[in-house]
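Please model the complete structure; the sequences and the hints are all you need to start from.
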Amino acid sequence: MRIVVCAKQVLDPDAVNNYALAGRLVIGEDGKTLTQTTIPQLMNAYDEQALEAALRLRDAGADCRIAVVSAGTDPTTLLRHAAALGADEIAAISLPSSGQDYHVIAALLAAYIRSSGGADLVLCGRQASDDDQGVVPALIGEALGMPVVTVARSVERAGSSDRPAVRVTRVTPDGDEIVEAACPALVTISNELGEPRYPTAARKLAARRMKPTIVSPDELSLRPEDLEPRALLTRQYVPTVQGHCEFVPGNTPAELADRLVGLLREDKLLQ
Amino acid sequence: MTSAAVVVCTWRGVRGEIPEETEAALTLGRKVSSALGADLHWLVVGTAPEADAEIAARQGVAALERIEDAKLAGGQADAFVEAMAQYCAQRSPRLLLFNQTFDTRLVAARLAGRLGSGAVMNGVDVEAEAGGRLRVTAAAYGGDTRVVYELAGEKSCIVALLANAVVPQPVEGAASSPTRSDVAVDLSGVEERIRVLEPARAEGLRLEDAEIIVAGGRGLSSPENYKLVEQLAEALGGMAGASRPLVDDGWVDSSRQVGLTGKITRPGLYIAAGISGASQHMAGCAAAKTIAAINTDPDAAIFRYARYGIVGDCLEILPELIRAAKQGR
Ligand SMILES: Cc1cc2nc3c(=O)[nH]c(=O)nc-3n(C[C@H](O)[C@H](O)[C@H](O)COP(=O)(O)OP(=O)(O)OC[C@H]3O[C@@H](n4cnc5c(N)ncnc54)[C@H](O)[C@@H]3O)c2cc1C
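Order-wise, the sequence lines are chains A and B. Just so we're aligned, residue 1 is where the first sequence starts under the working numbering, counting upward by one. Just so we're aligned, residue 1 is where the second sequence starts under the working numbering, counting upward by one.
Note that these hints are calculated values from the structure, not bench results. Do not take every clue at face value.
[Unchecked claim] With the C-beta cut set under 8 Å, the calculated list includes, among others, these residues of chain B facing chain A:
| id | residue |
| --- | --- |
| 1 | 147 |
| 2 | 278 |
| 3 | 312 |
Fair warning: this is a prediction, and the values are worked out from it, not measured in the lab. Beta carbons: idealized from backbone N, C-alpha and C, even for Gly.
Right under this line is the structure:
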């Protein structure tokens, strides 16, 4: 089977949090991009876990080729990392000059999947940690006519060799749900999948020699409307957080606790 | 009115409830519809809530619409997407507004793919410009930033509204008297492609409904210490929550996770012990009326959101809080 993993490069969310806390998040002159060059770029953690899900399927005995594809500016580092982890194919889709949004990105990814040999299983992270939208997987699923199973903690092979399927455990707000879908299918992966593996030194070295296939939008025979952005990012800003914390005074844990409970009772928040 | 309508779309969750946030979406929908000079519709998919007429009237809804079909009873995505797509083909609404939930996140996004229209999740506000163009403000980076998207094109736009983003407000002046209609859809061709082998079992109370939440984070330093959080929650008659690392490390079940990718809560009191206050965590508790935080680090982000703070070791403070909570009752 062929598994395609879609991966996005993002700014390290922990670093963004720290900059935000320090009041040092700066939006660039275009009014919409975070410009700190000191914030490292990473593979979106959920996407890395999507790749991990693919690798686990292979570990479990699935005879599969794993392709990792990324649409964006210079994903070479990300794709090398994917190769070091065990991807058999890596591909970078360059972005159209006419601007892009999730719809364009999803159209590009879907067209790449279609034109590169199709997929029995598409794996994506549940959302990207920069925009948190999580729309692209659903759009790819619709474009390729695949069922979309979201927020998985595990993906296993099911069905038979001539009718392959996947069994997926989803993390819902009401607990785990186990579902099955026939392949081809698209599954989004959540952090509950667990820690992704680290590449070995030897694999890292080998990955350096692996060249990503560069795909340009023109090669993907898209319709003009596929390349029309529909939700254009026009502005980004840092909201203000109103701090008004009253620090409870006290010398011992007992004193601090009594004071806090006293305050909460005064405020009628506790009985 | 002639402009295409703004439609708030809701359906009952697996527990049969209509999202409480519906009124917030209706309030926002009303703002957008009046800016556009359009009608506000409320589309209920599946069984209507009991008080729908009163809610609709006080929110200024012009038309209450309903889609009912046996295929929708299972709550599965294929039927919902098809039903909504047929609705849009018949009525061409300008904007479809959903309350963001686990299920709508998938259905709304797939519907956007089906219709070829623009969609934005994590919405906190929608504005209509004079020319009719829609601008959606959404949370990004877990809430560290806000982004504004401009929705282009003639097709129905789709926005999912974050819980607690809008305060519901009744219409000023006279309530509306909404018309009622059933929208016919044909779902005979829908065969759900995803088969549920084991449904999720919703157990007991939901964190979303708790009046008091005591949540623990990595500052608890080891799984045994989470019982302090549970004991304090019990002593206060509340529920225990957690930050994501505790779920990741298997200390607690994922149904306890508060945050962007966990539960969005709105308790009267939220006590955070050993939680740093990352934006993604705060996305699930910033709407609490009062936050009290215990953290060894006086510069922790959580204190920016907290009303009361204790700088100290939660392993020392929590046992004393449990004692104090039990004493005064
Ligand atoms: C896309 C995305 C989605 C996410 N979704 C969520 C989500 O839904 N929910 C969520 O919680 N997180 C989420 N996160 C993770 C989030 O960014 C933080 O990493 C996480 O919330 C940190 O958890 P924490 O506060 O328990 O741990 P830490 O950040 O490690 O903080 C521990 C805190 O405990 C304090 N401490 C240490 N020892 C003690 C002690 N003895 N007594 C008192 N205080 C002590 C420290 O000073 C520190 O402030 C998400 C991240 C991403 C990128």
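Taking the hints in turn, this is what the structure says about them:
The beta carbon of residue 147 of chain B is positioned within 8 Å of a beta carbon in chain A (closest approach about 5 Å), and the interface hint is therefore held. Taken as an interface hint, residue 278 of chain B checks out: its beta carbon lies about 5 Å from the nearest beta carbon of chain A, inside 8 Å. Nearest Cβ of chain A to the Cβ of residue 312 of chain B: about 6 Å, under the 8 Å cut. The hint holds.
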